[in-house]
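Protein chains in written order, with our numbering: chain A, 175 to 372; chain B, 175 to 372.
In case anyone wonders, no lab produced these hints; they're calculated from the structure.
Fair warning: there could be bad hints in the mix.
Which copy? The list can't say, so a pair holds if one copy fits it or any two copies do.
Unchecked claim - In silico DSSO-like cross-links for lysine-lysine, where the CA-CA straight-line distance does not exceed 30 Å:
| no. | residue 1 | residue 2 |
| --- | --- | --- |
| 1 | Lys332 | Lys198 |
| 2 | Lys230 | Lys198 |
| 3 | Lys251 | Lys198 |
| 4 | Lys230 | Lys191 |
| 5 | Lys251 | Lys300 |
| 6 | Lys209 | Lys332 |
Number of protein chains: 2
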Amino acid sequence: MHYSSSAVERAVMELSKLPGVGRKSAQRMVFYLLKQSPQAVNDLSTSLSDLVQKVKFCSICNNIAEEETCEICRSEKRDRSIICVVEEANDIWAFERTGDYRGLYHVLGGVLSPLDGIGPDDLHVKELLQRLDDSVHEVIVATNPSTEGEATALYLAKLIKPLAIKLTRIARGIPVGADLEHADEMTLSRALEGRAEI
Amino acid sequence: MHYSSSAVERAVMELSKLPGVGRKSAQRMVFYLLKQSPQAVNDLSTSLSDLVQKVKFCSICNNIAEEETCEICRSEKRDRSIICVVEEANDIWAFERTGDYRGLYHVLGGVLSPLDGIGPDDLHVKELLQRLDDSVHEVIVATNPSTEGEATALYLAKLIKPLAIKLTRIARGIPVGADLEHADEMTLSRALEGRAEI
Numbered sequence: 175m176h177y178s179s180s181a182v183e184r185a186v187m188e189l190s191k192l193p194g195v196g197r198k199s200a201q202r203m204v205f206y207l208l209k210q211s212p213q214a215v216n217d218l219s220t221s222l223s224d225l226v227q228k229v230k231f232c233s234i235c236n237n238i239a240e241e242e243t244c245e246i247c248r249s250e251k252r253d254r255s256i257i258c259v260v261e262e263a264n265d266i267w268a269f270e271r272t273g274d275y276r277g278l279y280h281v282l283g284g285v286l287s288p289l290d291g292i293g294p295d296d297l298h299v300k301e302l303l304q305r306l307d308d309s310v311h312e313v314i315v316a317t318n319p320s321t322e323g324e325a326t327a328l329y330l331a332k333l334i335k336p337l338a339i340k341l342t343r344i345a346r347g348i349p350v351g352a353d354l355e356h357a358d359e360m361t362l363s364r365a366l367e368g369r370a371e372i
Numbered sequence: 175m176h177y178s179s180s181a182v183e184r185a186v187m188e189l190s191k192l193p194g195v196g197r198k199s200a201q202r203m204v205f206y207l208l209k210q211s212p213q214a215v216n217d218l219s220t221s222l223s224d225l226v227q228k229v230k231f232c233s234i235c236n237n238i239a240e241e242e243t244c245e246i247c248r249s250e251k252r253d254r255s256i257i258c259v260v261e262e263a264n265d266i267w268a269f270e271r272t273g274d275y276r277g278l279y280h281v282l283g284g285v286l287s288p289l290d291g292i293g294p295d296d297l298h299v300k301e302l303l304q305r306l307d308d309s310v311h312e313v314i315v316a317t318n319p320s321t322e323g324e325a326t327a328l329y330l331a332k333l334i335k336p337l338a339i340k341l342t343r344i345a346r347g348i349p350v351g352a353d354l355e356h357a358d359e360m361t362l363s364r365a366l367e368g369r370a371e372i
């Protein structure tokens with residue numbers, strides 16, 4: 175299928191590279207944009223090119239930032255004795271939304287995945303170890319409960335345990351609001367394992 | 175939730191305006207883009223701003239075009255005696271994909287929808303009537319089989335029937351590959367109504 179306009183074709187192609195966007199959704203987006211004001215489309219376009227120009231990564235925790243360090247690492251309100259290790263910067267925002275965590279973070283930038291050729295050197299592991307001085311009392315490993323996430327947690331445990339720093343892993347169990355009946359066996363086993371007194 | 179970066183926040187906000195994109199999908203897109211090369215992100219950004227600068231609408235049929243008229247209206251291979259009336263420019267591409275239609279098109283730019291305040295003057299109805307000279311032998315009304323689409327088809331019929339031009343409506347029936355069992359009553363009635371000899 176060829177569009178009468180190569181500009182349309184190119185926009186469809188570029189948009190369909192985004193995660194979760196197929197060719198049909200990209201077409202819908204382009205036809206939607208064609209009905210908007212030029213200003214609205216330019217706002218979108220500029221916001222994307224600004225991502226490249228303005229967004230940096232925090233030199234301490236690798237979170238997204240607009241300065242040398244991120245807001246969280248700069249904040250004096252955060253508890254500097256706890257570091258929560260996450261896979262990606264967006265995981266930080268999942269924790270921040272809870273409002274329950276006041277420590278710092280460290281973004282690994284992925285998980286160990288030998289099949290994809292991702293080893294420890296491709297992650298920000300060295301930078302994490304450099305942060306673990308006497309002021310740090312606890313490291314929370316909050317990688318995803320996937321095979322790779324668990325393997326990465328185990329790998330970090332091996333490196334950090336000898337440093338005599340408290341090392342914890344976020345609980346795996348039944349999600350709040352979910353139905354026991356529909357939980358898979360692994361999740362149920364973990365929920366039993368992690369049971370706590372009431 | 176605040177991002178450390180207002181550039182990220184703005185990109186999330188702009189992307190979530192797109193159809194089918196919620197805040198969470200927009201976040202995923204932005205974090206995906208932050209992992210891409212600056213060139214890749216700029217390509218996307220440029221392709222969107224090009225939409226505004228390069229895409230025009232055909233002065234004959236209102237299809238998207240990069241010149242005064244669209245490729246289809248300019249083509250000498252098309253049958254100029256048939257005009258297929260569609261709601262939006264993307265409907266044209268649905269027909270073009272079939273490869274079965276060789277006539278011209280006319281984009282209404284929407285459907286009659288009194289509730290949304292869209293009347294005949296908001297659609298390209300006048301332009302359609304102006305195209306209906308002696309060379310046009312058939313007008314196919316291919317608005318969607320929705321309430322508004324049917325109402326628009328009836329409205330066009332009232333205007334075009336007196337001109338003694340053959341006026342047809344695309345068939346409504348069971349989609350190819352679908353299951354009779356799951357078809358709704360309206361579709362089944364239409365399928366019966368439109369039955370043809372084998």
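Going through the hints against the structure:
no. : hint             : in the structure
1   : Lys332 to Lys198 : neither (47 Å within a copy, 34 Å between copies)
2   : Lys230 to Lys198 : between (33 Å within a copy, 21 Å between copies)
3   : Lys251 to Lys198 : between (46 Å within a copy, 27 Å between copies)
4   : Lys230 to Lys191 : both (22 Å within a copy, 25 Å between copies)
5   : Lys251 to Lys300 : within (26 Å within a copy, 65 Å between copies)
6   : Lys209 to Lys332 : between (56 Å within a copy, 28 Å between copies)
Consistency note: the structure conflicts with earlier hint 1 alone.
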